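Student: Given the coordinates of chain A, assemble chain B onto it according to the supplied hints.
Letter by letter, the chains look like this.
Protein chains: 2
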Amino acid sequence: MLKEPPKNSREKTKNLLLTLQDKICSGLENVDGKGKFTEESWLRDEGGGGRSRVLKNGSIFEQAGVNFSEVQGKELPQSIISQRPEAKGHEWFATGTSMVLHPKNPYIPTVHLNYRYFEAGPVWWFGGGADLTPFYPYLSDVRNFHNEHKKACEKVDQDLHKVFKPWCDEYFFLKHRNESRGIGGIFYDYQDGSGNIYRGNNKNGEASKASQNVGRSNLNWDNLFSLAENCGQAFLPSYLPIIEKRASQKYSPKEREFQLYRRGRYVEFNLVWDRGTIFGLQTNGRTESILMSLPPLARWEYGYKAKNGSREEFLTSIFTKPQDWFNDKELEKFCMENNIFD
Amino acid sequence: MLKEPPKNSREKTKNLLLTLQDKICSGLENVDGKGKFTEESWLRDEGGGGRSRVLKNGSIFEQAGVNFSEVQGKELPQSIISQRPEAKGHEWFATGTSMVLHPKNPYIPTVHLNYRYFEAGPVWWFGGGADLTPFYPYLSDVRNFHNEHKKACEKVDQDLHKVFKPWCDEYFFLKHRNESRGIGGIFYDYQDGSGNIYRGNNKNGEASKASQNVGRSNLNWDNLFSLAENCGQAFLPSYLPIIEKRASQKYSPKEREFQLYRRGRYVEFNLVWDRGTIFGLQTNGRTESILMSLPPLARWEYGYKAKNGSREEFLTSIFTKPQDWFNDKELEKFCMENNIFD
Numbered sequence: 001m002l003k004e005p006p007k008n009s010r011e012k013t014k015n016l017l018l019t020l021q022d023k024i025c026s027g028l029e030n031v032d033g034k035g036k037f038t039e040e041s042w043l044r045d046e047g048g049g050g051r052s053r054v055l056k057n058g059s060i061f062e063q064a065g066v067n068f069s070e071v072q073g074k075e076l077p078q079s080i081i082s083q084r085p086e087a088k089g090h091e092w093f094a095t096g097t098s099m100v101l102h103p104k105n106p107y108i109p110t111v112h113l114n115y116r117y118f119e120a121g122p123v124w125w126f127g128g129g130a131d132l133t134p135f136y137p138y139l140s141d142v143r144n145f146h147n148e149h150k151k152a153c154e155k156v157d158q159d160l161h162k163v164f165k166p167w168c169d170e171y172f173f174l175k176h177r178n179e180s181r182g183i184g185g186i187f188y189d190y191q192d193g194s195g196n197i198y199r200g201n202n203k204n205g206e207a208s209k210a211s212q213n214v215g216r217s218n219l220n221w222d223n224l225f226s227l228a229e230n231c232g233q234a235f236l237p238s239y240l241p242i243i244e245k246r247a248s249q250k251y252s253p254k255e256r257e258f259q260l261y262r263r264g265r266y267v268e269f270n271l272v273w274d275r276g277t278i279f280g281l282q283t284n285g286r287t288e289s290i291l292m293s294l295p296p297l298a299r300w301e302y303g304y305k306a307k308n309g310s311r312e313e314f315l316t317s318i319f320t321k322p323q324d325w326f327n328d329k330e331l332e333k334f335c336m337e338n339n340i341f342d
Numbered sequence: 001m002l003k004e005p006p007k008n009s010r011e012k013t014k015n016l017l018l019t020l021q022d023k024i025c026s027g028l029e030n031v032d033g034k035g036k037f038t039e040e041s042w043l044r045d046e047g048g049g050g051r052s053r054v055l056k057n058g059s060i061f062e063q064a065g066v067n068f069s070e071v072q073g074k075e076l077p078q079s080i081i082s083q084r085p086e087a088k089g090h091e092w093f094a095t096g097t098s099m100v101l102h103p104k105n106p107y108i109p110t111v112h113l114n115y116r117y118f119e120a121g122p123v124w125w126f127g128g129g130a131d132l133t134p135f136y137p138y139l140s141d142v143r144n145f146h147n148e149h150k151k152a153c154e155k156v157d158q159d160l161h162k163v164f165k166p167w168c169d170e171y172f173f174l175k176h177r178n179e180s181r182g183i184g185g186i187f188y189d190y191q192d193g194s195g196n197i198y199r200g201n202n203k204n205g206e207a208s209k210a211s212q213n214v215g216r217s218n219l220n221w222d223n224l225f226s227l228a229e230n231c232g233q234a235f236l237p238s239y240l241p242i243i244e245k246r247a248s249q250k251y252s253p254k255e256r257e258f259q260l261y262r263r264g265r266y267v268e269f270n271l272v273w274d275r276g277t278i279f280g281l282q283t284n285g286r287t288e289s290i291l292m293s294l295p296p297l298a299r300w301e302y303g304y305k306a307k308n309g310s311r312e313e314f315l316t317s318i319f320t321k322p323q324d325w326f327n328d329k330e331l332e333k334f335c336m337e338n339n340i341f342d
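Keeping their order, the protein sequence lines are chains A and B. Following full-length UniProt numbering, the numbering of the first sequence begins with 1 at its first residue and continues without gaps. Following full-length UniProt numbering, the numbering of the second sequence begins with 1 at its first residue and continues without gaps.
Just chain A, with the same shape it has in the complex (with noise of 0.2 Å):
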């Protein structure tokens, strides 16, 4: 049986997601030193809005969004119910924060993170993550963002890295062009603690193969909470780094009209697979909200293909995929041949 939430469920989770934008945001306008967030509260007439702040034509970030949002209502959408039936009947309260930055220099990496708290009578979980787009990877760059990433579940608990990592290879999927979005990170859902860690559709894939070798969840609400939290913190250690070392790489206009086209894929990602997104924009979410995740500018070519063995090929070849970044010694081998280690 579900574990209860503790009485102040909602006020604490909307708390800690309210303080998560704050640091967010105070962070990324700290590196990039000229752009200023601006905000928009918003009402939303079923119950509940939410905190919208987006920063534009920074000295790094040519669009940083952060939005905060909490909503209730009285009728769940039968999306919901159909996954969950116990849920049916029940108010409902979510809550979230979601960023997606897209930098002007095409040596840093785009980045999003969510997380996320929902709750509807007996049912509550929460889901969240962060992945990492770049054009022109580094695998200590790579490396850096999975490590902390990995490290804040591992607080938590040593068996829900090994399962959220390739969870977040599969969700973050181009299936059309048979690309990652960028080299993963994390990815959860439906967490409440028991069951299942990996609650995905691909019963053979490599998460639920993971999530089979772990065995079952056994995690408190305070647990998830913690998760939420260690993993919201270990956002700024996984990418600031990346920024410093990068911000001062030149580029021409070639890497720029690579990232504009790339950054297609992101705005391809985000309309037709994304199903936060879909849902959002199909059940009348606040979409200018909502579609912050796009791109300030992007750029399609029908037919374009990169040159063999040049960066751009090293992308799709290899970034694009999933792999295991810490260990696989030939990847590490070739990416010191090539410059791009470090």
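Just so you know, these hints were derived from the structure itself, not from any lab. Hints should not be assumed to be uniformly reliable.
Using 30 Å as the maximum straight-line C-alpha spacing, the simulated DSSO-like pairs for lysine-lysine come out as follows [stated by the list, open to error]:
hint, chain 1, residue 1, chain 2, residue 2
1, B, 175, A, 56
2, A, 254, A, 333
3, B, 250, B, 209
4, B, 175, A, 254
5, A, 104, A, 155
6, B, 36, A, 307
7, B, 175, A, 175
Stretch-level coverage of chain B by chain A, calculated; a stretch enters the list once three of its residues show a Cβ under 8 Å from a Cβ in chain A [what the hints assert, rightly or not]:
hint, stretch
8, 53-63
9, 171-178
10, 260-270
11, 296-308
Some chain B residues flagged as far from chain A (calculated, every beta-carbon gap over 12 Å) [what the hints assert, rightly or not]:
hint, residue
12, 40
13, 72
14, 280
Computed from a predicted structure; not experimentally measured. Yeah, the Cβ is synthetic: ideal placement off N, Cα and C, and Gly gets one too.
Tutor: Relative to the frame of chain A, chain B by itself:
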């Protein structure tokens, strides 16, 4: 009972649509004067193939894509079987020509065209249409586009256009923006000469009402073949006069920026709402050909609002809503007073 198609139905429609592709490409190269189409032929593992043509960086067209495809298969997708159960178990055939033009000058509208034919055992139908997406519209251009398509429909049947015009408004609609994609045109699907002309999902919409008013369809295969032929041939006269009028109009970075911003809406429609695009991407279609519809460059801007009374505001207050372009005298007066009639 459904009338049988002629023995050579597949060859006839294929040739019609190949010829249409040829005529359109040659008309477009002619008006562009500089850009030339390059062609890629491709084969599909499961049967059939296509001929994709793209013109890049012309003097008029920043990008023009005109596709032809002809595909066969043994197993029908579930979505078609549930729509037309009689088709089950039959091998199927589908052919189509589709086109999207992205002109450089913001005073020339983006435009889309698609004509297609489907056959499986006793089941067959025609579908298609064309719709115009201006950035800085003029009423006379809008009327010319509609008028040519109206005449083409009326050559076959006096009533069809009364249904196809509102059906187009209904189909090319961005629910999450509460905007039409543009000023519309014509749209039809599942036309087999019997039953209701309107076959969409909105039983209470304008198209459904118009369809009920005009009564049941009574056309044969040859009539519907002629419809595709007439409408396909109507495209160049519906669009080329607009180019000729607008190509020399000067524009500044401000108009270009607005065009790129509105192209973002085009991306949103195609990836979020267009059934053909989504179906193609999710079922292993040829991605590069399907996404040839996306613009070479597009822009998103959080919270953009056009200035009251500006040309940019007229676009969404007037031209992305369904209108009676010919008979609305107030609209005509407004356009004349604001120098956007001709």
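Student: Each hint needs a verdict: does it hold in this structure or not?
Tutor: Structure-based check of all given hints:
With a C-alpha separation of about 27 Å, the suggested pair residue 175 of chain B and residue 56 of chain A falls inside the 30 Å cut-off, and the hint holds. Straight-line distance between C-alpha atoms of residue 254 of chain A and residue 333 of chain A comes to about 27 Å, which keeps the hinted pair within the 30 Å bound. Taking the CA atoms of residue 250 of chain B and residue 209 of chain B, the gap is near 43 Å; set against the 30 Å cutoff, the hint is violated. Between the alpha carbons of residue 175 of chain B and residue 254 of chain A the distance comes to roughly 37 Å, so the proposed pair goes past 30 Å and is violated.
A threshold of 30 Å between alpha carbons decides the hint, and for residue 104 of chain A with residue 155 of chain A the separation of about 34 Å lies outside it, so the pair is violated. For the suggested pair residue 36 of chain B and residue 307 of chain A, the alpha carbons sit about 24 Å apart, so the restraint of at most 30 Å is met. At roughly 25 Å between alpha-carbon atoms, residue 175 of chain B and residue 175 of chain A fall within 30 Å of each other, so this suggested pair holds. Here the stretch 53-63 of chain B counts 3 residues with a CB under 8 Å from a CB of chain A, which clears the bar of 3, and the coverage holds.
Under the rule that three or more residues need a Cβ within less than 8 Å of chain A, the assignment of the stretch 171-178 of chain B holds, with 3 such residues. Evaluation of the coverage hint for the stretch 260-270 of chain B: fulfilled, as 4 residues show C-beta separations to chain A shorter than 8 Å, against a requirement of three. A count of 8 residues in the stretch 296-308 of chain B with a Cβ less than 8 Å from any Cβ of chain A is obtained; the coverage claim is therefore met, three being the minimum. Not every CB of chain A is more than 12 Å from the CB of residue 40 of chain B (nearest about 7 Å), against its label as outside the interface.
Distance to chain A confirms residue 72 of chain B as a non-interface residue, since its nearest Cβ pair spans about 21 Å, more than 12 Å. Not every C-beta of chain A lies more than 12 Å from that of residue 280 of chain B, the closest at about 8 Å, which undercuts listing it as non-interface.
In the structure shown, a violation is registered for the earlier hints numbered 3, 4, 5, 12, 14, in ascending order.
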